[in-house]
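Chemist: Residue numbers (our numbering): 1 to 409.
Some hints here could point you the wrong way.
[Stated by the list, open to error] EDC-like cross-link-like pairs, simulated, lysine to aspartate or glutamate; straight-line CA separation at most 20 Å:
id	residue 1	residue 2
1	Lys117	Glu103
2	Lys208	Asp249
3	Lys319	Glu390
4	Lys67	Glu57
5	Lys208	Glu405
6	Lys149	Glu103
7	Lys319	Glu360
[What the hints assert, rightly or not] FRET-style restraints, in silico, Cβ to Cβ:
id	residue 1	residue 2	range
8	Glu318	Ile21	39 to 49 Å
9	Asn134	Glu50	15 to 25 Å
10	Gly231	Asn92	51 to 61 Å
11	Glu55	Gly231	44 to 54 Å
12	Asn374	Lys171	53 to 63 Å
13	Ile262	Asn186	44 to 54 Å
14	Arg78	Val298	36 to 46 Å
These are calculated hints, taken from the structure and not from any lab test. C-beta atoms are modelled at their ideal positions from N, C-alpha and C, and glycine is treated no differently.
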Amino acid sequence: MREIYSIKSKQTSIHVSGSRIESVRDKDILRTGLRIIEDGFFGVAGTIGEYDMEELESRARKALSAKIEYPYALSSNREEKVDLIKDIFPNNGMIDEIEAVLEYLRANHGDFIFSNKVNLDMVNITLENENNLNLSFSDSAILFSLIFKEKASSNIMDGYIVFQDRKYNKKDFITIADSILNAYRNTVDITEGNYPVVFLSIADSPLKKFMTDLNGRDFGTGSSLFSGKLGQKVFSENLTLFNSMNPDDTCLMPFFDAEGIINNNYRYPLIENGVLRAANTDKKFSALYNLPHTGSAVSDYDGTPQPGFANIKVKECEKTAKELLAGDKGILVYVASGGDFTPDGDFAAPVQLAFLFDGEKLMGRLPELQVTSNLFHMYGNGFRGVSKDEIGPLGGSKAMVIDMEVSKI
Numbered sequence: 001m002r003e004i005y006s007i008k009s010k011q012t013s014i015h016v017s018g019s020r021i022e023s024v025r026d027k028d029i030l031r032t033g034l035r036i037i038e039d040g041f042f043g044v045a046g047t048i049g050e051y052d053m054e055e056l057e058s059r060a061r062k063a064l065s066a067k068i069e070y071p072y073a074l075s076s077n078r079e080e081k082v083d084l085i086k087d088i089f090p091n092n093g094m095i096d097e098i099e100a101v102l103e104y105l106r107a108n109h110g111d112f113i114f115s116n117k118v119n120l121d122m123v124n125i126t127l128e129n130e131n132n133l134n135l136s137f138s139d140s141a142i143l144f145s146l147i148f149k150e151k152a153s154s155n156i157m158d159g160y161i162v163f164q165d166r167k168y169n170k171k172d173f174i175t176i177a178d179s180i181l182n183a184y185r186n187t188v189d190i191t192e193g194n195y196p197v198v199f200l201s202i203a204d205s206p207l208k209k210f211m212t213d214l215n216g217r218d219f220g221t222g223s224s225l226f227s228g229k230l231g232q233k234v235f236s237e238n239l240t241l242f243n244s245m246n247p248d249d250t251c252l253m254p255f256f257d258a259e260g261i262i263n264n265n266y267r268y269p270l271i272e273n274g275v276l277r278a279a280n281t282d283k284k285f286s287a288l289y290n291l292p293h294t295g296s297a298v299s300d301y302d303g304t305p306q307p308g309f310a311n312i313k314v315k316e317c318e319k320t321a322k323e324l325l326a327g328d329k330g331i332l333v334y335v336a337s338g339g340d341f342t343p344d345g346d347f348a349a350p351v352q353l354a355f356l357f358d359g360e361k362l363m364g365r366l367p368e369l370q371v372t373s374n375l376f377h378m379y380g381n382g383f384r385g386v387s388k389d390e391i392g393p394l395g396g397s398k399a400m401v402i403d404m405e406v407s408k409i
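Sequences and hints are given; from them, build the entire structure.
Modeler: Written out as structure tokens, the structure reads:
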């Protein structure tokens with residue numbers, strides 16, 4: 001049985017140095033993996049660019065000699081196409097748009113130097129096999145990743161303006177840039193103590209423990225902090241956490257996993273109203289440990305599927321960020337590098353850049369801080385929720401608010 005996993009990606013990347021465009025690079029790459037599943041074994045071969053199917057199949061069949069077991073039924077009899085491609089910069093106007101915002105930054109924020117890149121990406125990802133599976137996903141998105149450094153600073157960098165979205169306009173970018181840079185200039189202070197700490201929810205460090213310990217392999221072997229807790233209420237009633245491939249929750253990621261599984265609404269709840277429902281599994285680890293199959297296989301185009309987090313999503317509540325703060329001063333974590341969990345779930349993270357936040361605007365830059373807590377408190381009594389409103393007009397980030405201990409470094 002043959003299965004073809006194909007990823008076609010196009011990218012225009014504008015590199016910025018000294019607050020000016022330094023270079024523009026274009027990439028257009030086709031990556032194709034051919035899988036052969038035969039007699040309960042899995043062989044795969046991959047290629048970049050145009051290819052000869054006979055040669056690719058010959059290599060995939062040779063790979064069967066590695067005896068990688070795969071006694072699982074292939075996904076079948078489903079055809080689905082999602083096309084989200086949009087003309088983000090009409091009339092090929094990307095370079096002019098980026099030059100215009102850099103001109104604005106030079107004129108209005110000349111005390112900072114800006115560098116790094118802005119990418120425009122388009123992808124088409126397909127998975128097809130001889131069991132009538134035909135899945136296709138197309139998407140486009142802009143990634144702004146501008147690093148800023150205050151000219152008077154001795155640091156290599158002081159912060160960044162980062163967001164990814166399927167839409168863009170100059171006015172919204174200026175709103176974001178002004179908010180961050182004006183707040184950065186306004187230094188403020190707090191006393192140490194317990195505060196509502198605001199994270200921009202997706203892929204921030206407090207979610208890392210879920211990404212590692214809800215892996216089906218670790219969960220099944222008993223090495224996860226959550227092993228043995230399936231079906232138990234472990235966290236706050238307010239916490240529902242998905243492994244999500246829903247296009248509303250992420251960009252440039254297909255709605256199907258690497259084995260062609262499609263979940264209801266493209267999400268699978270791993271934690272539901274505080275109850276641990278499942279760990280991330282592919283077909284192998286679901287069968288091996290008798291765990292719910294969550295459709296969470298990840299793979300390179302030329303790799304073997306294994307369980308993993310495609311994208312983590314925490315369900316929003318019915319409150320805005322301002323309502324979640326309920327009049328308290330919030331500490332919005334903006335740059336936090338080096339935080340981690342202990343095996344028992346204790347968490348500590350140095351925060352290199354944080355802003356005082358009232359739920360609607362950034363009020364000023366705080367000194368370097370450290371935030372500490374424990375996983376079961378953070379997502380138990382300390383969990384206020386994820387806001388229903390977005391923080392800023394681009395990027396889709398929402399405020400995840402957690403009560404934590406805050407100290408100065």
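Chemist: Now tell me, hint by hint, if it's right for this structure.
Modeler: Verification of the hints:
1. Lys117 / Glu103: Holds. Lys117 to Glu103 sits at ~15 Å (cutoff 20 Å).
2. Lys208 / Asp249: With Cα atoms ~17 Å apart, Lys208 and Asp249 stay inside 20 Å; holds.
3. Lys319 / Glu390: holds, 11 Å
4. Lys67 / Glu57: With Cα atoms ~16 Å apart, Lys67 and Glu57 stay inside 20 Å; holds.
5. Lys208 / Glu405: Holds, because 19 Å separates the two Cα atoms, which is no more than 20 Å.
6. Lys149 / Glu103: Holds. Lys149 to Glu103 sits at ~16 Å (cutoff 20 Å).
7. Lys319 / Glu360: holds, 13 Å
8. Glu318 / Ile21: 39 to 49 Å: Between Glu318 and Ile21, where Cβ atoms are some 44 Å apart, the hint holds.
9. Asn134 / Glu50: 15 to 25 Å: Since Asn134 and Glu50 have Cβ atoms about 22 Å apart, the given range 15 to 25 Å holds.
10. Gly231 / Asn92: 51 to 61 Å: Holds, at about 54 Å.
11. Glu55 / Gly231: 44 to 54 Å: Holds, since Glu55 and Gly231 (Cβ atoms, about 50 Å apart) stay within the stated range.
12. Asn374 / Lys171: 53 to 63 Å: 42 Å Cβ-Cβ, so the 53 to 63 Å window is violated.
13. Ile262 / Asn186: 44 to 54 Å: holds, 48 Å
14. Arg78 / Val298: 36 to 46 Å: At 19 Å between Cβs, range violated.
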